[in-house]
Every structure is written in C-alpha cells, then in structure tokens.
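Protein sequence lines correspond, in order, to chains W and X. If you're matching positions, the first sequence starts at 1 in the working numbering and goes up one per residue. If you're matching positions, the second sequence starts at 138 in the working numbering and goes up one per residue.
Treat the hints with care, since some could be wrong.
[Stated by the list, open to error] Derived SDA-like pairs: lysine to any residue, alpha-carbon spacing no greater than 25 angstroms straight-line:
no.: 1; chain 1: W; residue 1: K135; chain 2: X; residue 2: Q266
no.: 2; chain 1: X; residue 1: K231; chain 2: W; residue 2: A123
no.: 3; chain 1: W; residue 1: K135; chain 2: X; residue 2: R259
no.: 4; chain 1: W; residue 1: K52; chain 2: X; residue 2: L274
no.: 5; chain 1: W; residue 1: K77; chain 2: W; residue 2: A136
no.: 6; chain 1: W; residue 1: K135; chain 2: X; residue 2: T268
no.: 7; chain 1: X; residue 1: K231; chain 2: X; residue 2: V255
no.: 8; chain 1: W; residue 1: K77; chain 2: W; residue 2: A123
no.: 9; chain 1: X; residue 1: K231; chain 2: X; residue 2: A220
no.: 10; chain 1: W; residue 1: K135; chain 2: X; residue 2: D279
no.: 11; chain 1: X; residue 1: K267; chain 2: X; residue 2: V255
no.: 12; chain 1: W; residue 1: K135; chain 2: X; residue 2: P217
Think of the hints as simulated: they come from the structure by calculation, not from any bench. The structure displayed is predicted, hence computed values, not measured ones.
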Amino acid sequence: MNEQLAAAMAAEAAAIYAYGILGVHLAAAAQVNEARAAETAHRGRRDYLLGKLDQPEAAPAAYELPFPVTDPATALKLAVHVEDGVAQAWRPVLGVSQGPDREAALAALTDAAVRASRWRRIASITPWTMPYPGKAS
Amino acid sequence: MVLTGPVRTTGTGPTRRQLLGAGLAVSTLAGCGVFENKPAPAATTAPDPLQPLLDEALALAAAYDRAVAAKPMLSARLAPLAADHRVHAADLAKLIGTPSASAAPSGPVVENASADPVAALRTAELAAQKTAVAACLAAPPDRAGMVGSIAACRATHAEALR
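Chain W on its own, in the form it takes in the complex (with noise of 0.2 angstroms):
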C-alpha cells in the first residue's frame, strides 16, 4: 500500500502547490473562496498521508505546470486538471487497502471528483461529470 499511497501523497502535495499558483489568477471572489476550501482540503489528505507513510519524501519546491496559468479561465483549467490528477492518484489506494483506509481514499477520491466538477461547471466545460472519476483515461 506504500507505494500507493506515495503517489497519493505526491498528488496532494502537487496538489497544494497549484491552488497557490492559480488562486491568484481567479477574479470572482466565489471561486477564490472555492479554491481556499480546496486547498485546505489538500492539505487536510496531505498530513493524513504524513501519518501513513513509513517515509515520505519531502515535496519538491516547484513544479512545471502543463500549460501556462495567465488568466481566469486557465486558473479553472488548472484546478480540474489537478482535481483529476488527485483522483486518479487515489483509485488505486482502493485496490490495496481495506476497512477505515479504504473508506479514507475512498473519501479522497470522491472529494476531488466532486470538486473536479464544481470546477468543469464554474468553467463551463462540459460535460461536468465523467462515468468513471480516478480511472486513467
């Protein structure tokens, strides 16, 4: 489960890293207050992860984004990239777990399904829902 749960962790942390960068770039004060809550999430898996992890590795400083974040609308296309990345980072924690932990990443990846969403409508990309929310596409 270690390994699994690495790559959760290394989500989250990418995760955190992103609300920061495209927080910024958001105009509505809404959608500000929207990725706070879903930073603060982040956040919130990240120091569950801390606790579970034998040794976890120190998150790097920085990260390359995968397209450049100037305005509202990438800031939004950055939020459901991250939120689908998250989720598909915790399907497999399912696989390898069972009882609480299991329910745990189940929780997880649910949340970061749920927001992915929230995300894809605010943005008004459609369609907001996919059947299969962590699975690799």
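Chain X: place on chain W using the hints.
For chain X alone, coordinates are given in the frame of chain W:
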C-alpha cells in the same frame, strides 16, 4: 464442491444419464454420501454482490429519461448523467456476467413526478452513492477501483444537480 458444479447444472438434480456419464468418481462419492448432504450450488446461485448496483444504475437512467420526457428543456443537463449510469450498467453486467436488460430493474423507484424532478434525482443520487460506497468497502481488491469510481461518479451527479 469438487463435482457438484459439472453434474448438477440444471437445477432439477442429476439425471441417471449424467450420473452414469460421470462414471466411477460419482458412484464412489455417492457412496460417501456427498450427494445427499451437499445441495447443488448451481441450482440456487446467489446473486452477485454488485447486482443491486446494476439495478440501481438502470433505475436511475430510467428516472432521468422520465424527467427529460416530462421536461424536455432539462435534456442538455440530464442526458449526460443518464449516459454515465448506462455505462455503469453495461460494464457491471459484463463484470457480473448477466445481460443487463434481462429483467426489469428491481432497484429503488425514483420518484420524480414531483414539481422539482431535479431535486428528486439529486436525492436518489445521494442514496445511490451510499449503496456504492458500501459496495466498494465490501468489494474484493480487483473490483474496488471500479466500484469506488461509480460511487464517486454518483457524488458528482449530486453536485451537478445542485
């Protein structure tokens, strides 16, 4: 357990021909009382644990169809969600090994004759999410990912119906 499968598949018990065809092994085992004591598992196959999830997916898809039929202006919003459920139903049927349209869905009846069909569908999605969460937690490792994604999908539907 060793022989009951191939011998008793019809649900009416082995015919004389089948018993004879099975040969020596059957007669020796019959002598040990295997056939008297062990009911044939094939005759009363327990439904797959994911059958309720499949039934629910079909019931939800049908509920979306009824909502769109009643209020066609909702089609753009609801049709993609119905499509997700149909993908689940088809994949679950494949996994379980039953044709998905074999029986009328025995899942929950989604009440959407109300004034607000979207709110009724949202309530149904949240209930269906709970079913899927329970199924995921009980699933063997090779099914946990798929069932977990179905649970997450139902949660995103509830979000999309807010």
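Violating hint indices (sorted, rising): Hint check: 2 and 7 fail, others pass.
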